[in-house]
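Asks: Residue numbers (our numbering), protein chains in the order written: chain A, 1 to 398; chain B, 1001 to 1156.
To be clear, the hints were calculated from the coordinates, so they are not data collected in a lab. Idealized CB from N, CA, C, for every residue including glycine. Hints should not be assumed to be uniformly reliable.
List of simulated lysine-lysine pairs, PhoX-like, C-alpha gap at most 25 Å [claimed, not checked]: (1) B:Lys1097 - A:Lys56; (2) A:Lys179 - A:Lys253; (3) B:Lys1097 - B:Lys1014; (4) B:Lys1014 - A:Lys56; (5) A:Lys284 - A:Lys253; (6) A:Lys146 - A:Lys284; (7) B:Lys1148 - A:Lys61; (8) A:Lys353 - A:Lys56; (9) A:Lys207 - A:Lys179; (10) A:Lys99 - A:Lys179; (11) A:Lys353 - B:Lys1008; (12) A:Lys253 - A:Lys238.
Label pairs and their calculated CB-CB ranges [to be verified]: (13) B:Glu1047 - A:Ser244: 32 to 42 Å; (14) B:Lys1148 - A:Leu195: 49 to 59 Å; (15) A:Asp283 - B:Glu1142: 37 to 47 Å; (16) A:Arg303 - B:Ser1020: 57 to 67 Å; (17) A:Asn17 - B:Gly1128: 41 to 51 Å; (18) B:Tyr1155 - A:Leu168: 38 to 48 Å.
Chain A stretches covered by chain B per the calculated footprint, using a threshold of three residues with CB under 8 Å from any CB of chain B [stated by the list, open to error]: (19) 231-239; (20) 326-340.
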Amino acid sequence: MTTIDTAVGPAEAMVLNMGPQHPSTHGVLRVILELDGETVLKAKPVIGYLHTGIEKSCEAKTYSQCITLTDRIDYLAPLSNNLAFCLAAERLIGIEVPKRAQYIRVLLTELTRISSHLVWLGTHAIDLGAMSVFLYCFREREEILKIYEYVSGQRMMTSYFRIGGLALEPPPGWLDQVKRVVDVMPGHIDAYEELLTENRIWIARTKGIGYLSPEDAMAMGISGPLLRASGVPYDVRKVFPYSSYDEFDFEMKTSNDCDSYARYTVRVAEMRESLKIIRQAMDKIPAEGPFRAEVPGVIPPSREEMKTSIEGLIYHFKIFTEGFAPPPGEVYQLIESPRGELGVFMASDGSAKPYRVKFRTPSFVNLQSLPKLCEGRLIADVVTCIGTTDIVLGEVDR
Amino acid sequence: MESEQAGKNPVVQKLRDWDSQAVAEVIDFRGETTVVVPVRSLLRTCEVLARDLGFTYLSDITPVDRFPLEPRFELNYHLLCLDRNERLRVRVKLPGKEPLLHSVTPVWPTANWHEREAFDLFGIRFDGHPDLTRIFMPDEWEGYPLRKDYPVEGYR
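Chain A on its own, in the form it takes in the complex (with noise of 0.2 Å):
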């Protein structure tokens, strides 16, 4: 946290305080802004108003009980965060698995990508000034909630992956729900296109605006959307593949613009990708099969077995009550969420609990370049610049 310096700059620059509670900031963003009449001299972002220690609290966790804690760091991304976390669990232990659970965690994070991406878009519609975009964005969101909730029980904070696999069988039904988003959503996409894509306040909004080179990008670390519009193809998906990732046939869409403009491109296209990953998912996905790996001790065993075998009991309540314990060593894991590389690095000393989890969140990378993005530009560009970075506050302060 910051103090304001009114001595800083020169004599006639003026120092506005921008946030934390503003309605362009997406949560509890403040961002300390040096004034030369309306030209932004120097912007500083001041976090930390959503902080919750969810790396603290994970070391008095076991492992299975962390997954519900990982919902809540980017929460409009949630299967993005448990499948880091889980993928990282399961690297530690040396868990393969099953084929049918990777293709249905692909399904749903692809789902994940669309949904941010629509609130992404809707937001920064509304933010500068497209009030209907936004409407019709969160109508289409809600289908995917839907489609959580059918699947999960819950429409955000899902913890519906699970170390090992799923936590439940998918029920009957749900491939039907997931074709009838996919069906319309083509359409739909062209529908917000047609709204913003030609728009001339919308270019004029956004062309231009918020430029980051590549070469800046790369120094500040920024990954994900942001910098695949600055010209550099890195998407963890085809870099360091996961969960299946290598099966699938889908583009990496860059864009050299290096603006907010060529950031909008760049998500639209990636959301028309997604849907290509799903509709493949949808074919993979066979209809029978285990839906978690099958590992004594630290898999929770199936609830017949449990209920008819000693052993199946005695591994239940093991589980349920100690947890179980990973050899002792380190693993980095590494997804593309929707926002960028999303890493889990985590720390095992033998015991049941994580000695030390550490969220690599995107957003709190990617909002350093702020200061870059806005600085020598006109004070209503900061709005454009806050919402390109597509942050997610819970993300950023986790």
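Please build the complex by placing chain B on the supplied structure of chain A, with the hints as guidance.
Replies: Here is chain B on its own, set in the frame of chain A:
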């Protein structure tokens, strides 16, 4: 306990060719290579890694507290080389009493906030950091919450 394979890693070999003292230990676990580097030569090693070996992207800096062991703190630098799609973890170890090391912000500007986080939550200080202030906790906060001797519920 350096495994045969880990020592043959080309990056490790190049680092050793550059300075025989550059790498103190190499650890291979689950397909990830960790290079333990002496604290005093960290900045020079990072410069070589970024400039000559292509590790231009710093993903993350993760501090770990090994209390009550000594050296108490570990800092893990997760590096990425996009040309070769290669990852590397560089680790330094720091004493529990006045942990201090040189900032890597001259090499990777992204380290700025990561180092502020390490300072805020672990009390590790960085020499040459442009703005070493607390990032999550309030300025007047006492103690470093992610240290192992700090209670989970905080002091009441």
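Asks: Each hint should be assessed against the structure and marked as holding or not.
Replies: A quick look at each hint next to the structure:
1. Of the supplied pair hints, the one linking B:Lys1097 and A:Lys56 holds, its CA atoms being roughly 22 Å apart against a limit of 25 Å.
2. Simply put, A:Lys179 and A:Lys253 have alpha-carbon atoms about 24 Å apart, close enough for the 25 Å limit, and the pair holds.
3. With a C-alpha separation of about 33 Å, the suggested pairing of B:Lys1097 with B:Lys1014 is violated against the 25 Å cut-off.
4. As the CA atoms of B:Lys1014 and A:Lys56 are separated by approximately 38 Å, the hinted pair breaks the 25 Å bound.
5. Restraint check: the Cα-Cα separation between A:Lys284 and A:Lys253 comes to about 24 Å, which is no more than 25 Å; the hinted pair holds.
6. Between A:Lys146 and A:Lys284 the alpha-carbon distance is near 22 Å, which keeps this suggested pair within the 25 Å criterion.
7. A C-alpha spacing of about 14 Å is found between B:Lys1148 and A:Lys61, which places the hinted pair at or below 25 Å, so the restraint holds.
8. Simply put, A:Lys353 and A:Lys56 have alpha-carbon atoms about 12 Å apart, close enough for the 25 Å limit, and the pair holds.
9. Proposed proximity of A:Lys207 and A:Lys179 is contradicted: the alpha carbons are some 35 Å apart, above 25 Å.
10. Pair hint A:Lys99 plus A:Lys179 holds up; C-alpha atoms about 21 Å apart against a cutoff of 25 Å.
11. Restraint check for A:Lys353 and B:Lys1008: the C-alpha separation of about 34 Å exceeds 25 Å, so the hint is violated.
12. With a CA separation close to 11 Å, the supplied pair A:Lys253 and A:Lys238 stays within the 25 Å bound.
13. In this structure the supplied range 32 to 42 Å holds for B:Glu1047 paired with A:Ser244, their Cβ-Cβ distance being about 38 Å.
14. About 53 Å separates the C-beta atoms of B:Lys1148 and A:Leu195, a value consistent with the hinted range of 49 to 59 Å.
15. Remark: the range hint 37 to 47 Å for A:Asp283 to B:Glu1142 is contradicted by a beta-carbon distance near 58 Å.
16. Between A:Arg303 and B:Ser1020 the CB atoms are about 59 Å apart, so this pair conforms to the stated range of 57 to 67 Å.
17. Between A:Asn17 and B:Gly1128 the Cβ separation comes to about 29 Å, which falls outside the hinted range of 41 to 51 Å.
18. The given range of 38 to 48 Å is respected by B:Tyr1155 and A:Leu168, whose C-beta atoms sit roughly 41 Å from each other.
19. A count of 3 residues in the stretch 231-239 of chain A with a Cβ less than 8 Å from any Cβ of chain B is obtained; the coverage claim is therefore met, three being the minimum.
20. With 5 residues bearing a CB less than 8 Å from a CB of chain B, the stretch 326-340 of chain A meets the requirement of three and the coverage assertion stands.
Violated hints, in rising order: 3, 4, 9, 11, 15, 17; the structure is consistent with all others.
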